[in-house]
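Participant: In order, the protein sequence lines correspond to chains Y and W. For the first sequence, the working numbering gives the first residue as 1, with consecutive numbering after it. For the second sequence, the working numbering gives the first residue as 1, with consecutive numbering after it.
For the record, the hints were derived by calculation from the structure and aren't laboratory data. A virtual CB, placed ideally from N, CA and C, is assigned to each residue, including glycine. Keep in mind that a hint or two might mislead.
20 Å max Cα-Cα, derived PhoX-like pairs, lysine-lysine [to be verified]:
1. K314(Y) / K399(Y)
2. K381(Y) / K314(Y)
3. K155(W) / K172(W)
4. K399(Y) / K230(W)
5. K399(Y) / K232(W)
A few chain Y residues that face chain W, going by a derived Cβ cut-off under 8 Å, partial list only [to be verified]:
6. L5
7. T174
8. V233
9. L388
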Amino acid sequence: MKRTLLTGNGAAAWGVRLAGVDYVPAFPITPQTEIIETIANWIDLGEMDCRMVTLESEHSMITAAGAAAATGVRAFTATSSQGLLYAMEMIYTVAGWRVPFVMVNVSRGLSAPITLEPDHNDILVARDSGFLQIHCATCQEVLDSILMAFRLAEDEQVRLPVIVNMDGFYLSFTREPVEIPDADAVTRFLPPFDPENICFRASAPVSEAVAVLGGPPYSYFRYETHLASLNAVPVFAKIAEEFAQAFGRTYEAVEAYRTDDAELVFVIMGSFATKAKDAVDRLREAGRSVGLLRPRLLRPFPNGDIRRILAGKKGVAVIDQNLSMGMGGVLHSELASALYGQAHAPPVLVSFIGGLGGRDIGPEEFYEMASVTRKAVEDGKAPAPRLLYTEKELREVRKLQAIAQVERENLGQNQ
Amino acid sequence: MYRIRFHGRGGQGMKTASRILGRAFFLEGFEVQDAPRYGAERRGAPMFAYVRASRNTINERGIIRRPDLVVVADDTLVPVSAAGVLQGVTEHTVMLINSNEKPEVWKDRLNISGQVLTMPSVAEKEDRLEPRFISASCAGVAARLVGVISRTSLKQAISAELAHLGAAVVDKNLAGALESYDLMGSHSGSVTPGHEVPAYAYQNPEWIELPFEDARVSAPAIHATATSEKMKTGLWRTMRPVIDYSRCNRCWWVCSTFCPDSAISLDDEGYPQIDYEHCKGCMVCVAQCPSHAIHAIPEQEAEAGTPAGERL
Ligand code: SF4
Ligand code: SF4
């Protein structure tokens, strides 16, 4: 075991290396490229026994990863944002094939307008595909989640591809101390892939992904995928327990921080959750009983854990780093549906939208969200959803608009 | 927690500086976070990198709003508002500027109450066209200013972070950085860790309701052909192309044809004119001019008024 400084991308590459991945189909996109570069370098130096192929698009890349997994080798790939969207047809398709492999998505806001910094709209597009989703908050968690993700994907009760998600910049380009586990310990935890009946081979014809006519067989296959996904809740719990025994780090489907005696709870996904953790500590110092809940698994959605942790709480502040146009925060909707009609469900669920396109969320904003939620509890009524946005930010946008306007006038195109 | 920000231009090595400092803190047993942040991802454009270091787990993330130390590798960035050099600077913040001007001049000019220091001048750069690779020196000075990083850890950190560049580069950087570290001895410990924002007394963020605006205003569109006119990309330049009109024979205007930023236009007599507000200093014109009439001059010298390119 070695503790050193790694970026989230570097940690991901280490996870792949330790997992003994056989095949990596790749296509570059910011901010994910460093993962592929790091692996390519190791292969080049002979430090990793793996085949890497660069494809001509993410669409082909996912097809290649799924096809390779169908032959029974351990496959890994990575993408981000627009790349994930470009691959979307095959994301749904390979999940339907029921082939196990792991993909890292480095979250980045979607176009238009095009940008580089993170939010979760990209990964949420894959929400209903059949891919399982593990969301990370630290670089260590990225490495560890990749190891657990292979176990999860390959489990016979599951057999589905898994996405490990990390935020661009905030994790991908940020170095933190990361423990790199010993290769032997990893092999004990994650032995070489036993593909059982997965054996797509030359001269041994198998029809993968058959066509069906009519709703009943279609419904059967689709619902079976759903059931497999639901199985991933208990299977993940088992894997996480083994992981904790082997490496001493505990990863439950839902991270609960200082929630036991909390009256108010922040709910937030991804790396911004560590900021919320800091805010919880400061709020506690100021005498407010606030806690934090972070869904680590987004698919399957850990309904049971969430209901249990939030039972009896007075108010919940859901902070969505995503936006479903015409509806609002996705996590807020998911949480509302998990809690609706449950005994002891918190009566007030306040929705905040923040962190779009990497927009920072400062400590003051967490304190203020706690204060708004407390007031909502007193009023017995949640206020309208709130975008975290300040006067100063709007002034900056006005400046950009003014520049565009001046240029238009200079060119005599002022209509 | 220590919060340190390095400001420079793409290509000046501020990411490396943050990594050296981060590694040095780590070697001293600190929890660390270091990261770069780019605006326009290209050489010469303003960028910054940051380091957090604490004895406890670091949960804070993203850009540093209240720095304890700000290192500025290029003093021409200070007045560029987009570079955000002065953001969150208070009397607690130490400013370290790489400049030929005295700290008092900067203190006065910027009207700041905190401590201002300038980088100690070490060995002269050999090639004036090759901007000095100052990341290790910046990290060395920062390491001394926080006062909790030993010479040994700094050395180890530089060797580890620059190893991929080869032994010669490591040695050269070690020499410069350690010299800077030693020269700043009297300022050891002048940078101290700042405090967190307490939840019992904080400034309300004062969120606003974002108003609906119709798509003519709110679509991300710019209805003009010259969309970059107001964006002064000339500020990204570290080298300035200067035309020596005594040599320009108004060929077939290779320079203006090749300029990727359309920054060279022709005057009435057919002589090329460089628009320095938008020339990014890529030096393509310098390389292309068949009569070698375009010279490259370091931006700082050009700013200081080196006479060149007088029209005959
Ligand atoms: S250096 Fe020359 S080619 Fe490059 S942007 Fe400036 S004028 Fe154009
Ligand atoms: S390429 Fe050189 S000679 Fe030709 S117009 Fe430009 S400066 Fe003059």
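Participant: Was the hint right that V233(Y) lines chain W, CB cutoff 8 Å?
Facilitator: violated, 27 Å
Participant: Can L388(Y) be said to touch chain W, with a Cβ gap under 8 Å?
Facilitator: For L388(Y), the interface hint holds, since the closest Cβ of chain W sits about 6 Å away, which is under 8 Å.
Participant: Take the C-alpha atoms of K381(Y) and K314(Y), compute the straight-line distance between them, and say whether it is at most 20 Å.
Facilitator: At roughly 11 Å apart (the allowed maximum being 20 Å), K314(Y) and K381(Y) satisfy the hint.
Participant: Are the Cα positions of K399(Y) and K230(W) separated by 20 Å at most?
Facilitator: Holds, at roughly 11 Å.
Participant: Within 20 Å, alpha carbon to alpha carbon, are K399(Y) and K232(W)?
Facilitator: Roughly 15 Å between the alpha carbons, so the hint for K399(Y) and K232(W) holds.
Participant: Take the shortest C-beta to C-beta distance between L5(Y) and chain W; is it under 8 Å?
Facilitator: Nearest chain W Cβ about 6 Å off; hint holds.
Participant: Can the restraint linking K314(Y) and K399(Y) be considered satisfied, given a maximum Cα separation of 20 Å?
Facilitator: Violated - the C-alpha atoms of K399(Y) and K314(Y) are around 42 Å apart, more than 20 Å.
Participant: Against chain W, is T174(Y) within 8 Å by beta-carbon distance?
Facilitator: holds, 4 Å
Participant: Do the alpha carbons of K155(W) and K172(W) lie within 20 Å of each other, as the hint requires?
Facilitator: holds, 12 Å
Hints 1 and 8 from the earlier list are contradicted by this structure; the remaining hints agree with it.
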